[in-house]
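For the sequence shown, the numbering used here assigns the number 1 to the initial residue and increments by one for each residue that follows.
Errors might be hidden in some of the hints.
[Unchecked claim] With a straight-line cut-off of 20 Å between C-alpha atoms, the simulated DMTMM-like cross-links for lysine to aspartate or glutamate are:
#1 45 - 170
#2 24 - 85
#3 45 - 85
#4 45 - 169
#5 24 - 52
#6 24 - 53
#7 45 - 35
#8 45 - 72
#9 187 - 265
#10 45 - 236
#11 45 - 125
#12 45 - 265
#13 187 - 250
#14 24 - 169
If you are wondering where the hints come from, they were derived from the structure by calculation, not from laboratory data.
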Amino acid sequence: MTGSARMSSEACYLFRLAGPPRAKGDPTPDGLAWDEVIRLANREKAIPALFDDRTRVGLAGLSPAQSRRLQEATLGWAVRMAYLEQRLERLLALYHNHGIRVLLLKGAALAVTVYRSFSARPMADLDLLVDADRAMEAWELARGSGWTRTVDDQQRRAYEEHQHLPPLDDARGTGLGLELHTELLPKGSPFAFDADVLWRNALGTEVGGQPGFVPADVDMVLHLCIHFAWSHGLVDAAWRTFRDLQVLIDAGRVDWQELARRAREARASTCVYWTLRLGRRLSGLAVPDSPLADLAPAAGEHLLSPVERYFCTVLCAPSEWQDRTILVGRAMWRLAIRPRWSGHGAARPWGREELFAWARQASPEARPVTAGNLSFLPRRWRQFFRELRALAP
Numbered sequence: 001m002t003g004s005a006r007m008s009s010e011a012c013y014l015f016r017l018a019g020p021p022r023a024k025g026d027p028t029p030d031g032l033a034w035d036e037v038i039r040l041a042n043r044e045k046a047i048p049a050l051f052d053d054r055t056r057v058g059l060a061g062l063s064p065a066q067s068r069r070l071q072e073a074t075l076g077w078a079v080r081m082a083y084l085e086q087r088l089e090r091l092l093a094l095y096h097n098h099g100i101r102v103l104l105l106k107g108a109a110l111a112v113t114v115y116r117s118f119s120a121r122p123m124a125d126l127d128l129l130v131d132a133d134r135a136m137e138a139w140e141l142a143r144g145s146g147w148t149r150t151v152d153d154q155q156r157r158a159y160e161e162h163q164h165l166p167p168l169d170d171a172r173g174t175g176l177g178l179e180l181h182t183e184l185l186p187k188g189s190p191f192a193f194d195a196d197v198l199w200r201n202a203l204g205t206e207v208g209g210q211p212g213f214v215p216a217d218v219d220m221v222l223h224l225c226i227h228f229a230w231s232h233g234l235v236d237a238a239w240r241t242f243r244d245l246q247v248l249i250d251a252g253r254v255d256w257q258e259l260a261r262r263a264r265e266a267r268a269s270t271c272v273y274w275t276l277r278l279g280r281r282l283s284g285l286a287v288p289d290s291p292l293a294d295l296a297p298a299a300g301e302h303l304l305s306p307v308e309r310y311f312c313t314v315l316c317a318p319s320e321w322q323d324r325t326i327l328v329g330r331a332m333w334r335l336a337i338r339p340r341w342s343g344h345g346a347a348r349p350w351g352r353e354e355l356f357a358w359a360r361q362a363s364p365e366a367r368p369v370t371a372g373n374l375s376f377l378p379r380r381w382r383q384f385f386r387e388l389r390a391l392a393p
């Protein structure tokens, strides 16, 4: 997919790398700013995919400094992921010795199944699901084995209704983290999809000879889609979501008919629909027409197309864009997810803004207008009209 005047060519190119492997003769877009591509790849944890694509053509187009920067970033991620895998092995051994069962979530689960390598699936933290009645014990055990708390007692209270306990950091200062989950989503989330479902369908696995569990394939896909569409509001964590889905598709692990059925049962039809549709549009995901037709909200294409254009533009935002506006972003999310039509009632992800990364990225629009910040108003309105313009054909 190529960029347009309203979409960053660098981001469009990078998103294409999340999809099926590029054909040998598939040309790279001209005029890419490679420093920006590398920066985006680092942010999106797409460095291995970028490195593989560039080495396919002998690092063509990159300056010696850019080539060196990309190679160093690739090596850096490989070292960090090898270390994270070792930390996971030690945790699994520790929990096994204490009779605590562990189910790997998201990146960790994918790394040991379809990727079969931690270095191929970079991540910033480990997400592990444990039984609620053993969660504090597991948290304290982790603290005694090289993980340190990151929040104070006041901040800790914010996690009382969250899906995971307060996050822990690697005590060695690597920036890697650990999140011990008791649920998949915070209390009050509207989906019929929870930890009990994952445990009921879980599959056994091993990491370095240590036992654990991973979600069943359809649960893995459903969790990826809900996490992207609900927790990240269709605007963050897109690249790795699309990449994970394509790797699952390539491995023959996606049963489209079963996915559509489970999505409807879980009240997640629109979350799955928009994740698949945006992934197919931006990354060329090998998604057949049937699941999109089965899961599409009750709206004509004349309404769905502007929503698609908006989120594609947000995900591939050109450099002149500032932080997204809350007003337009929330309105477009409602049009996409159709929460009341989907059976979500009054539940919205921004009900717990302090815990949702995408909702924290508030623009000056969210600030009260005072004499001290009047200078932000022109910037606010410029961004407001940029986002409205993204709706136009």
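Comparing the hints with the structure gives:
Taking the CA atoms of residue 45 and residue 170, the gap is near 19 Å; set against the 20 Å cutoff, the hint holds. For the suggested pair residue 24 and residue 85, the alpha carbons sit about 33 Å apart, so the restraint of at most 20 Å is broken. At most 20 Å may separate the alpha-carbon atoms for a hinted pair to count; residue 45 and residue 85 meet this at roughly 16 Å. Among the hinted pairs, residue 45 with residue 169 is consistent with the structure: their alpha-carbon atoms are about 19 Å apart, no more than 20 Å.
In summary, the hint linking residue 24 to residue 52 is supported, as the alpha carbons are separated by about 12 Å, within the 20 Å threshold. Note on residue 24 and residue 53: the hinted pairing holds, with a Cα-Cα distance of about 10 Å set against a maximum of 20 Å. A threshold of 20 Å between alpha carbons decides the hint, and for residue 45 with residue 35 the separation of about 15 Å falls inside it, so the pair holds. Between residue 45 and residue 72 the alpha-carbon distance is near 14 Å, which keeps this suggested pair within the 20 Å criterion.
Between residue 187 and residue 265, the direct Cα distance comes to roughly 19 Å. Compliance with the 20 Å bound is thereby established for this hinted pair. Distance restraint check for residue 45 and residue 236: the Cα-Cα separation of roughly 12 Å lies within the 20 Å cut-off, and the hinted pair is therefore satisfied. A hinted pair counts as satisfied when its Cα atoms are at most 20 Å apart, and residue 45 with residue 125 qualifies at roughly 12 Å. A threshold of 20 Å between alpha carbons decides the hint, and for residue 45 with residue 265 the separation of about 32 Å lies outside it, so the pair is violated.
With a CA separation close to 34 Å, the supplied pair residue 187 and residue 250 exceeds the 20 Å bound. For the proposed pair residue 24 and residue 169, the alpha carbon gap of about 41 Å is over 20 Å, so the pair is violated.
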